[in-house]
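Visitor: Next come the chains, spelled out residue by residue.
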Amino acid sequence: MNKEKHDLIIIGGGPAGIAAAISANKAGIKDILIIERDNILGGILNQCIHNGFGLHRFKEELTGPEYAGRYVELLKETKVKVLSNTMVTSLNAKKEITAINSKGVNHLLGKAIILAMGCRERSRGAISIPGDRVAGVITAGAAQRYCNIDGYLVGKKVVILGSGDIGLITARRLTLEGAKVLAVVEICPYSNGLNRNIVQCLNDFDIPLYLSHTVSNIKANKNHTRVEEVIISKVDENKNIIPNTEISFKCDTLLLSVGLIPENELSIKAGIILDPRTKGALVSNNLETSVEGIFACGNVLQVHDLVDNVSLEGERAGISAANYIKEGNKKSKGIKLEVGENLLYLCPQIIKPSSVVDSTPIFFRVKKPLDNCKINIIINNEIVSSINKIKLIPSEMQSVNIRKDMLKGAKNIKIEVIKK
Amino acid sequence: MTKNLICINCPRGCNLEVDTETLTVKGNSCIKGKDYGISEVTHPKRMVTSTMPVLNSKKILVSVKTSSPINKEDIFNVIKEINKKKVSAPIKIGDILISNVCNSGINIVATSNAEEK
Ligand SMILES: Cc1cc2nc3c(=O)[nH]c(=O)nc-3n(C[C@H](O)[C@H](O)[C@H](O)COP(=O)(O)OP(=O)(O)OC[C@H]3O[C@@H](n4cnc5c(N)ncnc54)[C@H](O)[C@@H]3O)c2cc1C
Ligand code: SF4
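Chains A and B are the protein sequences, given in the same order.
For what it's worth, our numbering labels the leading residue of the first sequence as 1, then goes sequentially.
For what it's worth, our numbering labels the leading residue of the second sequence as 1, then goes sequentially.
Bear in mind the hints are in silico, worked out from the structure with no lab data behind them.
These numbers come from a predicted model, not from an experiment.
Treat each hint with caution, since some may be false.
[Unchecked claim] One-sided and incomplete, this derived list gives chain A residues near chain B with beta-carbon spacing under 10 Å:
no.	residue
1	ASN51
2	LEU55
3	VAL339
4	ILE387
[Said to hold, decoys possible] Stretch by stretch, here's where chain B covers chain A in the computed footprint (C-beta under 8 Å, at least three residues):
no.	stretch
5	141-151
6	193-202
[Said to hold, decoys possible] Between beta-carbon pairs, the in silico distance windows are:
no.	chain 1	residue 1	chain 2	residue 2	range
7	A	ASN2	B	ILE96	20 to 30 Å
8	B	THR22	A	ASN203	17 to 27 Å
9	A	SER386	B	LYS85	52 to 62 Å
10	B	PRO69	A	PRO208	22 to 32 Å
11	A	ASP31	B	GLY27	37 to 47 Å
12	B	LYS85	A	TYR146	55 to 65 Å
13	A	ASP132	B	THR22	26 to 36 Å
14	A	TYR146	B	ILE31	13 to 23 Å
All C-beta atoms, glycine included, are put in the ideal place defined by N, C-alpha and C.
Using the sequences and the hints, build the whole thing.
Guide: This is the structure in structure tokens:
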């Protein structure tokens, strides 16, 4: 079979993929191809028309499309090729890719590959809400896309389950377009969104937030064509529904904003080992997966909350892929990181000390909100660094830097967060 | 009157109590909270982002924003003005689509590109 060959193939043209392409190009790789299934680059940013992007990267607050636009301009200055309207349908460990577009099936081969496919939203099936299966139950991100790209409103009276930033932003957006958002319902005793979004998306429009509540029933209309009523109930500390606490809302739409999952069907096909904690690939500090020459960055690796971090991770993946293409694989020993107390995950999961130049960042999230705590880096059972924090919350990704000098003679590495 | 607010300037999210007459702030842990509390009760401002239909393009909508924050009470008036307007491709990021919206001295500018069909 005839295969189109490239030095580097990047799957996905969102902020992660674009940043990876630009940095690999800077590092001297000339033959780079980005494959994107949409008709434009920018990924999910194109539908995120609100502002608040790029404060770290560009020192100003941009909207999603503006942030994407800046990177697309930078990409235009390079000779990176883009194959849009093309969906990658399979990938294997030999780095062979099958991609489909209107011209037919394409077979490609990369010396190195970067996975940058982003994430998708958890749907009703993933969280099993009781009640009728009818139209009018969709994810908040889909509603955002319909509203901001396709130009129509998904409903007039809306209940939103989940108080993460996507749910909050969508609540405001639908309100501005004339819908009535009756309630935002959150199963945790705290919101998972930024305070700024609680204030500017809910409080500004008097949208009530029900903490420690969840949807306990969905009722259809007479013809069984659409949602007519959503019933919510209070939950106890173990998230079990408390009887006789029902509140009913007459509405035509229930939006779900109940979490994001990295889009890893292709990675699984390629035999890449996933981390059950992040649901993304298991990677070492140079962002290489368990398959040599395949790297991962952005939301396909770990769900990010700041696009600035996505771009930085993309850049790191681009540099690592460039090194691999130029120098081949330098086999070296890795140390698996131990996920300590109060942590949901660590990413990367493996450190290869010989590949650390000055230091390497490790990202993590805490399991629950914690006041007055400290982040400890423990190497060979000794605390080598301890950072005080006034407050850590699950919705804000954190990071620590492990310096090369800390890694001398390291046999085991653990990161934990403990109360002071 | 006292107003209860959450400070939005850092993850601590201090609960502020602002006296709207004397403009004194309680509950803040740093100066940012005081400044925020006072500005929220005296002249709260917000960025508004939305979309506008675009003709003569493959795209249906072009995204837009206020060029700087507008008075909070004007949010819905600004949205009304945006919703009255249709634009025609080509549109480039930064193009002024409505100038001096609602006499605020602030413009509505494009935040995405729309190429001609
Ligand atoms: C609904 C939603 C709203 C969000 N809102 C915000 C926000 O307000 N602020 C914020 O900072 N972050 C937000 N995020 C997080 C946001 O996803 C990240 O900041 C960032 O966009 C992730 O970049 P990425 O490149 O990893 O993924 P994406 O932006 O998702 O890009 C992935 C790209 O890969 C393409 N792709 C996937 N699979 C294939 C395939 N098989 N073949 C070809 N192409 C493929 C997709 O079409 C897409 O263009 C949001 C995420 C979602 C899902
Ligand atoms: S008052 Fe200071 S410490 Fe408290 S939330 Fe505001 S910025 Fe943070």
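Visitor: Can you name, in rising order, the numbers of the hints this structure does not satisfy?
Guide: 2, 3, 4, 7, 11, 12, 13 and 14
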